[in-house]
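The lines below spell out each chain.
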Amino acid sequence: MIELRKDQLHIRFPELHPQARMSIDFQRTLRIPDDGKDYPLPAGLGRFPLRHVDDFGPDVPERWLEHGGVMLPMYQSEALWINFAGGYPFAVKIAAGKIDAVTGKTWSNSLHRHPQNYVTVPEQPWLDGYCVAKGVIRQFVAMPLGSGYSAEEQLTGEAEHGGLQIVAYPLKRDVYEEWAAKRQAVFSKSFTPMLAMRCTGVPDMGLAPGGRMRQEIYDDPFKLTDWDPEHAARCFVHIANSQVWRAITGEAPPTVPLTAREYKRNGIPWFEYYSDGKAVEGSGVLDRLKSIAQFATGQRDEPLSDNDSVEIDRIVVLRQGLEKGQVREGRF
Amino acid sequence: MPKGFGDYVRRCREALREQDRSYSVRQVAQRVGVEPSFLSKVERGEVPPPSEAKILALAQELGEDPDVLLALAGKVSSDLQQAILKRPELFATLIRELKDMPDRAVLRLVREVRDGKW
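In the order they appear, the protein sequences are chains A and B. Take 126 as the starting number for the first sequence in this note's numbering and just add one per residue. Take 906 as the starting number for the second sequence in this note's numbering and just add one per residue.
Any given hint could be a false lead.
Calculated cross-link-like contacts (lysine-lysine; reagent style BS3-like; alpha-carbon spacing at most 30 Å) [unchecked claim]:
no., chain 1, residue 1, chain 2, residue 2
1, A, K259, A, K131
2, A, K230, B, K991
3, A, K307, A, K403
4, B, K980, B, K991
5, A, K230, B, K959
6, A, K230, A, K348
7, A, K230, A, K403
8, A, K415, A, K162
9, B, K1022, A, K131
10, B, K1004, A, K131
11, A, K131, A, K162
12, B, K959, B, K980
13, A, K348, A, K389
14, B, K1022, A, K230
15, B, K959, A, K131
16, A, K348, A, K259
17, A, K389, A, K230
Quick caveat, the hints were computed from the structure, so don't treat them as lab data.
Looking at chain B on its own, in the form it has when it is part of the complex (with noise of 0.2 Å):
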């Protein structure tokens, strides 16, 4: 099971707790469609993380990255997992060659919005 989900959800929300009494585990968990019990319990990592649905609303929540929160739980977002399907050898070549470059230069493939002659 994942040991860092929990953890790191739980940090999330307290910090936001801090400020807004509204981010307790029962007020999170009824916004985000979960019994308080079960929200208590991932944060515990007693129970595996919930479903990609409820990890995206968690991340809509807490105001985190929603990949962050997915690959901690040890998931992949299903439109990531349809664009790897799509090409899985590109994708697997890809990801592999990706690995252990820096940051820097992996965010040079990202598709930045390009900005002309105005």
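So here's chain A without its partners, still in its complex pose (with noise of 0.2 Å):
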């Protein structure tokens, strides 16, 4: 079962085991520079609002409530990263615009091995975008449905869904219970991170690729049976446009994202993640897509504001699972 606490998407199956439990939330960020350059991971700037679309009925399109699930506001190129936290471990599937984000192949609920098609969680704990490479990701980057910026409709020239899509299923009870009996300390805690008038525009954004980052995204260190297929969570996180927010929900929309050049002069840091896992390969689908800054050089379109390069002078490591005295200090 999916449960919206807090802005936080909050999963768990009492039924399988009382710590199959984990929590996904989106977390607002620096759009990093699209300019072929490979950068550190952002801080995450505090999670978006998220809302039940059943709440907002006669103000959201019609598909949304076919759909079902959440929405949260984006303003136009503002940038995002999903935030998984939990011990239990899960198979997660995320899609933006029902392209999965790991392989760039269309949308399916299922499991993949060859190539993996989901992350695993508690390994990897955040996901900021596209898998274009081994190590690198496209940063997702709000763009409105129809513009032909996003992935979805560059792979399949149709704007039909926009938003994000997640499905998560947990590990196997007995697979669970014999990886807890091994693992000593389980310190996923550590990875805990610490963004009027009436809707008359097609309020859909979907996520384009924009600025290259420096992240892996793990290999399953389980075998694909260990995953528990008769437990699945599914969720479709709509994105609306932080333009009509306030129209549909009543609420502001968070403030308009920091510029790079903001962000450095706030002293604000960036981040490498270290793990002992080992990385998928990139998707060639997602590799060859345009992110927003050659998109836009075809089009004649300026959609990105602010989108100089910036010069990173403070990077803070971060590893998985800690040693001894190494003071911990997560992503703000």
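Could you use the hints to bring the two separately framed chains together as a complex?
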């Protein structure tokens, strides 16, 4: 089952195991420059608000009600990352516009190993974008659905789905119990880290590939058959343009995101994350997509303001599992 | 004075400290915004649990469920209090009806995120 509490999706299967639970939230963040350089991880700047689409029936597109799920507001060209937390292992499939963010293939509910079309929690603490190469992602950046920039539109030629799609499968109970017994110290908690008018237009946003970032998608340490296909929780996360969020919900959207210049001026650090886990290969399909800046050149469009390269002056290194004496510092 | 609160906090903190020395009484107290000597007394059950705000900060710091920590401290979070005060009769009846039901039955009442046709 999935519940929405304090802008966070809580997934749990109490009938499977009391510990079978995890949470997912969506973090506001800096849109890194889309300049061909590889950047470290930017900080999380707070959770996006999440609301049940059912609560705003008359004001959201009918399609959203058909999909069910939740919605969040994003400004055009704003970035997000997905934050996973929990100690019980889960295989989590993430798609944007029903394009798998790890393989670039069209959405299916099922898990596949070759190529791996999911991330594993708790190994994978975050996902910031489309996996375009081994150890490199292109940041999730919101663009209006229909403008042609999203991965969905570039790959299918259609602006049909938008949003994010998520399905989570827990580890089977017996496999978990064996794994938990072997594991001396479960320290997943350390990954918990720490952004009046009527709606007349289409509020849908899609996620386009933005700037390049160093982030590994970890290979599944379990066997494919260790995941429990009988227990799955699925959620459609609709992305509403922040400009119409107030018209839909009556609530103010979060403030306009920081620019790279403001980020630097405020001395907010960047992050590198290291884990012993092996990284999966990137998706050739996703790597061939045009980034927003590349796509805009062909369109004579300038959708990205403040896209100048930035100099990285402070990187905080985070490691999976902490050694004695190492000070824990999460993304914030 | 609720006896289990301090003991629970101490056990959670010490489990974390085995992996990360920044979970000393001093450093946790600093991050939560209380005096180390106060946190130490709370853990030993020598003083009553701190305010709701500090308990919430402790829950965040220790990665624990805030409602569980509040309950151990004999408190109910202010958002829940407001919800009950809005419809006291209804919630009193509801809680009395549910108090002996198994977890799974209670969970059926929790609002799930609805999945539709994609």
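Hints versus structure:
Taking the CA atoms of K259 of chain A and K131 of chain A, the gap is near 34 Å; set against the 30 Å cutoff, the hint is violated. Distance restraint check for K230 of chain A and K991 of chain B: the Cα-Cα separation of roughly 49 Å exceeds the 30 Å cut-off, and the hinted pair is therefore not satisfied. Distance check on the hinted pair: K307 of chain A and K403 of chain A sit about 20 Å apart at the alpha-carbon level, within 30 Å; holds. As the CA atoms of K980 of chain B and K991 of chain B are separated by approximately 18 Å, the hinted pair is consistent with the 30 Å bound.
Straight-line distance between C-alpha atoms of K230 of chain A and K959 of chain B comes to about 47 Å, which puts the hinted pair past the 30 Å bound. Note on K230 of chain A and K348 of chain A: the hinted pairing holds, with a Cα-Cα distance of about 21 Å set against a maximum of 30 Å. Distance check on the hinted pair: K230 of chain A and K403 of chain A sit about 22 Å apart at the alpha-carbon level, within 30 Å; holds. The straight-line distance between the Cα atoms of K415 of chain A and K162 of chain A is roughly 15 Å, inside the 30 Å bound, and the hint therefore holds.
Using a Cα cut-off of 30 Å, the hinted pair K1022 of chain B and K131 of chain A holds, with the two alpha carbons roughly 25 Å apart. This hinted pair checks out: K1004 of chain B and K131 of chain A have alpha carbons roughly 25 Å apart, not beyond 30 Å. For the hint linking K131 of chain A to K162 of chain A, the alpha-carbon distance of about 36 Å lies beyond 30 Å, and the restraint is violated. For the suggested pair K959 of chain B and K980 of chain B, the alpha carbons sit about 12 Å apart, so the restraint of at most 30 Å is met.
A threshold of 30 Å between alpha carbons decides the hint, and for K348 of chain A with K389 of chain A the separation of about 43 Å lies outside it, so the pair is violated. Among the hinted pairs, K1022 of chain B with K230 of chain A is consistent with the structure: their alpha-carbon atoms are about 20 Å apart, no more than 30 Å. Under the criterion of a C-alpha separation no larger than 30 Å, the hint pairing K959 of chain B with K131 of chain A is consistent with the structure, at around 18 Å. A threshold of 30 Å between alpha carbons decides the hint, and for K348 of chain A with K259 of chain A the separation of about 21 Å falls inside it, so the pair holds.
At roughly 36 Å between alpha-carbon atoms, K389 of chain A and K230 of chain A are farther apart than 30 Å, so this suggested pair is violated.
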